[in-house]
Structures are given as C-alpha cells and as structure tokens.
Amino acid sequence: MDGLNHLGAALAALAGPWQIAYALSATLAGIVIGLLPGLSATLGVALFTTLTLKMAPADAILVLVCVYVGAIYGGSRTAILLNIPGTAANAAACLDGHMLARQGQAGRAMGIATTGSVAGSLFGVLCLAMFTPLLAETALKFGAFEFFWLGMVGVMMSGTLTGSNPIKGWLMGLLGIFVATIGLDPVHAHPRFTFDNNEISGGIGLIPALVGAFGFAEVLTVMSQTKLKAVVSSVDSVLPKIADLLRYWRTIIRSGLIGVFVGILPGVGEDMAAWSSYAAAKRASKEREKFGKGSVDGLIAAETGDNAAIPGALIPALALGIPGSAPAAVLMAAMIIHGAQPGPMLMVNQPQFIYDVVGITLLATLGILVFGLVLVRPILWVLRVPRDIIMPIVFVLCVLGSYSITQRLFDVWVMLGVGIACFWLRRRGFPVAPFVLGLVLGDIVDKSLRRGLVLSDGSLLPFFTRPISAALAALVLVMLLMQVPMVKRWFARRNKT
Amino acid sequence: MRRGDLLDAGVFAAAGAAILVASLRMDRLTDRGIEAWSAPGLTPGVVGALIIVLSLVLVWQAVRAPAQAEADEPAVPGAMRRAGLALLLCVVFAGITLGHGTPFVIEGAVFIFVFTTLFSWTEWRAAGRAARGLAQTLAVAIAASAFISWLFESVFLVRLP
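Top to bottom, those sequences are chains A and B.
Numbering-wise, the first sequence is residues 4 to 500 according to the numbering used here.
Numbering-wise, the second sequence is residues 7 to 167 according to the numbering used here.
Check the hints yourself; a few may be wrong.
[What the hints assert, rightly or not] Residues on chain B that point at chain A, a partial pick, calculated with CB under 10 Å:
(1) Gly10
(2) Asp14
(3) Ser44
(4) Val53
(5) Pro83
(6) Leu93
(7) Phe99
(8) Phe117
(9) Ser126
(10) Leu140
[As the list claims (entries may be wrong)] Here are the in silico distance ranges between beta carbons for each label pair:
(11) B:Leu157 x A:Met485: 19 to 29 Å
(12) A:Ala192 x B:Leu30: 13 to 23 Å
(13) A:Leu480 x B:Pro72: 27 to 37 Å
(14) B:Pro72 x A:Gln410: 46 to 56 Å
(15) A:Asp199 x B:Leu12: 43 to 53 Å
(16) A:Gln106 x B:Leu163: 48 to 58 Å
(17) A:Lys289 x B:Val98: 56 to 66 Å
(18) B:Leu62 x A:Leu7: 34 to 44 Å
(19) A:Leu137 x B:Leu30: 39 to 49 Å
(20) B:Leu163 x A:Lys491: 53 to 63 Å
(21) A:Pro20 x B:Pro109: 35 to 45 Å
(22) B:Arg135 x A:Leu483: 50 to 60 Å
(23) B:Arg135 x A:Lys491: 49 to 59 Å
(24) A:Leu483 x B:Ala136: 51 to 61 Å
These are computed hints drawn from the structure, not numbers from a lab.
Think of the CB as a built atom: it goes at the ideal place given N, C-alpha and C, for glycine as much as any other residue.
Make the full structure from the sequences, and use the hints.
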C-alpha cells in the first residue's frame, strides 16, 4: 500500500508543465545522442550530469533518466536505416531492422522498434517498482563482508561478460579499483599515490574519468574511422500494426524478462540484453530461417530486451548501490552528487526516491513513444551533419563538462588522460566497462575489505563462512574456474553430449 | 604466440609491481593506534598483487596461443594518422592553451574551426567547394562556441577557464 502511495505521489509531482517539458526535451536529446554513431548513452548521461549540476535534484534526475532511455532507443534509428548501431545496444537491431528497411519497410521496422522499446521499458518499470524494495530489504542483512564480495562480483562479472578475454576484463576492473584508491584514503584521510600534489589529493573525479572513457576515447575512435555517408532512404508509415504486436506477445514477454535479468547483472549492460533476447527468440521461433533476413520477431526481441535492461540496471543500483550497466553507473554517481544515497538504506531513508525513479522512467517511455512515432523524418536530419563538425563540438562539451564540476583544470587533464588510456587499451582488446565498474565500486570494495578485516580481527573466515558471503565467494570462484582450460574443455564436451 | 598480449602483460605486470611496492612502503599508521588491517595500503596492495598474477596468466595465454593476426580490430587505412591528428588537436586545446587568459569562446571557436577544416579539407577541395566549406565551418564554429559558452556561463553559472 505504501508503495502505491509513493508511486501516486511521484506521478503527481511529474505532472507539472516544467517536468513534462524537461522530460520531453531530455528524451529528445537522448534520442539524438543515441542516433549519432560514436556517441553513447554513457556519454550522454555523463555530459548531462555536468549540465544539470545546478538544477534541483528531482529535475536533474528526471533529465538524466530521460536522456538514458532516449539514447538507448535512439540508436535503433541508424541501426535500421544505415546498418550502423547508434549505440552498442542496438547492434542486434541491425541484423533484421536494416534488412526490413532494404525491403522497403523502413517505417514498419521503426514502428516495430518503437513498440518493442516501449513494451520492454514498461515491463522493466514494473519490475523496477516490484523488485527494488524487495532487494533493498534483503540487502539490509548485508555487512562489510557481503559488500566486499558484491563489489568483486560486479567487477568480475563485467570483466567476464564484456570483451573477448575475461583476463583482460578483470585487469581493467582491477585498474579501475586502483584508480578509485588514488587520493585521500576514506577511512583515515591518509594520502595514497598523491605524490604530495594537492590536486591529486582530491582523488580522480568519477565524472571526468567517465567523460574521458566514453567521450574523448569515442571521439578519437570515431575520427580514426573512415567517413560514412548517411544515405537516408524514403521512409514508409511508422505506425505499428496491432497484428504485429499481438502475434509476437510471447517474444515481448520473454525478451522483457531476459532484458531485466541481464540488466540486473552488474556492468553487463543493454547490448548483452539485446543479443541474449535475440538469441532466445531465434531458438524459440518456428521461422528461424528468417532471422537475419528481416525477421519482425528478431527486431522486436532485440529492442524489447535492450530497453527492458534500462530499469533492470537501475534495480541493483538503487537497492544495492551496484550499477547494472555503465550508464547506470554514471546515473548512480549523479544521484549521489544530488544527495540521494543509493543502497540498502535508500528504502529506509528515502523510500519516495525509488518511486520517483519509477515515475520518471515511465514518463521517459511515453516520450520515446511520442517521438518515435511523430518525429521520425525530422530527427533523421541530424545524420546529415558531418562527424568532422559534431566531434569537435562533442569534445568542447567534454572539456567544459569535466571542468564545470569543481572548476579545476585538473579534471580536464584527468578526462584527457583517461580518454587516451581507454582509447589505446580498447584498441588492444581491453574492454572499458569493467574499468568503469571498478572505478565506481572501488570505494565500496576498499572500505568493506578493511572494515571486514577489522571486525574479524584479521581473520578471513567470515568472508567465506557467512551464508551470503559464501554464496558470492562461490560465484567468484565459479567465474575464475570457468577460465581454466581443463574446465572449459569439460563443459564443451558435456554440451556436445 | 601473441606478441601484443605479451607486451600488454608486461606493462600491466610492471604497473602491478609498482603499485604493490608503493603500497608496502605506505605508512601503516600504527603510531596512531590504528589497526594494521585498516592500513591505507591494504587494498591497493591486494589489487597490485592480483594485477601481477593476472598479467602472468595473460603471458601464459599469449605464449600458448596459436600465431594469428595481432590486431584486435581490422586495420583501417590511415586510422592511427587520423586518431593522432585528433589527439594532437584535442591535447593542444584542452591541455595546453586552455586557462591562459584567452576567452573560452575564442579558443573554442578556433578549435572547432581548425579541427573541422583539417579533417574536411581534402573532401572540400575534391568537391571544389573549399571556400564555401571554410565559410560554413567558421560560422558553425563561432555559433557553437558562443552558444556553449553562453549556456555554461549564463544558464549553468559556471565560470569558464
């Protein structure tokens, strides 16, 4: 009953004209960001975090969630029309969305993508409202030992599931944890790796580092690629057919569930959700041969899955303080900047906040429905702007965005340094998402490890014998063992038989 | 054998060793009556050790791997040259010229103009519209820099560098 009251209050607060204006314009900005190849949802949320610093917290979070939802949806436009995913989350949509466009059904494909995205997002919002309070209540039983393992599980899972080599992913995660320890130690305020420099004593700012990793590194990556000419073909009607929706209701529900589940997994993100939903739909389909050749089922699965992952990623972020994706990590950092305390105590101290986020995600979903059906052709004009103009403007925003948080040039240098490092490491096959998770979770891991050891007087036993700790430690062990060649071969033989 | 991974593993191992050594040499604050288990160097020390271990695993993987193409992404002609030029322009703008007295609106406009011109010049000349390209880019650069500066100074109340 309390939940319904909180949700009602959240929706009432969002019904104001300014809130609706913020929601619509932020969703549109997010769609434009998602539309442009090279700009990611993470960059969009990071840049808008710096732009909304001076706004009221409720309005700032509203803008950021709408940018996040809009960006994940917006990438499906270029995926369908140009076979180039606007964001990594829309790569699966390229397979069938673009084929439908080549068959003269671009409008139909975009209508289906819009409907799938809205359905996935609505399903995810329902799960967000139902499961976040439950998970937060469970997390009240967590102590330092459990939070240590939770942080490690987050970093390791991100390293395992992103990129092609988990060892490289884990190295990046550990690098992120190390970078998070630079500055004054949070327990005793003792300087660590500061080289007696006052600027470094303040630590490595999370937002400048994220803007560097996902902004500057992307600018360098995009400029290193050859230019692509945007050929925007004519677009037929985008209104989805009801028959399409009713025929694929099983796909929508299955992809919604997969999307939410994958979204909850720390650091994995919307692209994995899209691919997992696509693969599941293909396995379950009676028309498997159509996948990759213009399958409506495949397109709906991909878009439903990736949008359901957005609220999914917010569930652990709000309930545990462990983000489910890179954009959720930035969003969580923004929430902390604006005074919210994501984690188990959120349900105790600020229960209204969870339902505010539910309401905001609902509003953003309505925004993508409106813009997805009404503004198809005008939005595509953005694709005609050459990247040689867009990228330097994006970089100027990255510079000012990094600078504006504490008005120190040091943060700009952090953005530059992290951007260069991430650009180079990505080219060497090291994924960036685990680094981001490590950066975000490093503080939790550091404090929990030390607090736990002090409580146990140096004994490691509680880390392995407390029930929840033991389960999380076992998960870490499984992830480690799965990389041992002998174990991999055994599982491969077992799957064959 | 993957030589690229060997080099990467070496760099990470060196970094891990440096982190571990620095952590071991960090003050343990025992003179303040603080427990050894909450020493500031504990977490970075553990992280450094784990980085060394994983680097060794990467070396082992690289040595056992069959000989194959080194690149993790397919080679694109001129990719590093373009990336290098973009990097140079960005570092000169944000790392060197910023914050030395020139109004940001001018620096931003110059950066956008120079960046776009250098990357688009060949295309403009081939299409015979160099003058038009320059004029358009100048207009966009001034407008974009002016708008962004106004947005941050007047709306977000940020004092620009």
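To see whether the hints hold, each was checked on the structure:
{"no.": "1", "hint": "Gly10", "in the structure": "6 Å, holds"}
{"no.": "2", "hint": "Asp14", "in the structure": "6 Å, holds"}
{"no.": "3", "hint": "Ser44", "in the structure": "4 Å, holds"}
{"no.": "4", "hint": "Val53", "in the structure": "5 Å, holds"}
{"no.": "5", "hint": "Pro83", "in the structure": "8 Å, holds"}
{"no.": "6", "hint": "Leu93", "in the structure": "6 Å, holds"}
{"no.": "7", "hint": "Phe99", "in the structure": "8 Å, holds"}
{"no.": "8", "hint": "Phe117", "in the structure": "6 Å, holds"}
{"no.": "9", "hint": "Ser126", "in the structure": "5 Å, holds"}
{"no.": "10", "hint": "Leu140", "in the structure": "13 Å, violated"}
{"no.": "11", "hint": "B:Leu157 x A:Met485: 19 to 29 Å", "in the structure": "49 Å, violated"}
{"no.": "12", "hint": "A:Ala192 x B:Leu30: 13 to 23 Å", "in the structure": "20 Å, holds"}
{"no.": "13", "hint": "A:Leu480 x B:Pro72: 27 to 37 Å", "in the structure": "29 Å, holds"}
{"no.": "14", "hint": "B:Pro72 x A:Gln410: 46 to 56 Å", "in the structure": "53 Å, holds"}
{"no.": "15", "hint": "A:Asp199 x B:Leu12: 43 to 53 Å", "in the structure": "35 Å, violated"}
{"no.": "16", "hint": "A:Gln106 x B:Leu163: 48 to 58 Å", "in the structure": "52 Å, holds"}
{"no.": "17", "hint": "A:Lys289 x B:Val98: 56 to 66 Å", "in the structure": "59 Å, holds"}
{"no.": "18", "hint": "B:Leu62 x A:Leu7: 34 to 44 Å", "in the structure": "55 Å, violated"}
{"no.": "19", "hint": "A:Leu137 x B:Leu30: 39 to 49 Å", "in the structure": "44 Å, holds"}
{"no.": "20", "hint": "B:Leu163 x A:Lys491: 53 to 63 Å", "in the structure": "56 Å, holds"}
{"no.": "21", "hint": "A:Pro20 x B:Pro109: 35 to 45 Å", "in the structure": "36 Å, holds"}
{"no.": "22", "hint": "B:Arg135 x A:Leu483: 50 to 60 Å", "in the structure": "59 Å, holds"}
{"no.": "23", "hint": "B:Arg135 x A:Lys491: 49 to 59 Å", "in the structure": "57 Å, holds"}
{"no.": "24", "hint": "A:Leu483 x B:Ala136: 51 to 61 Å", "in the structure": "59 Å, holds"}
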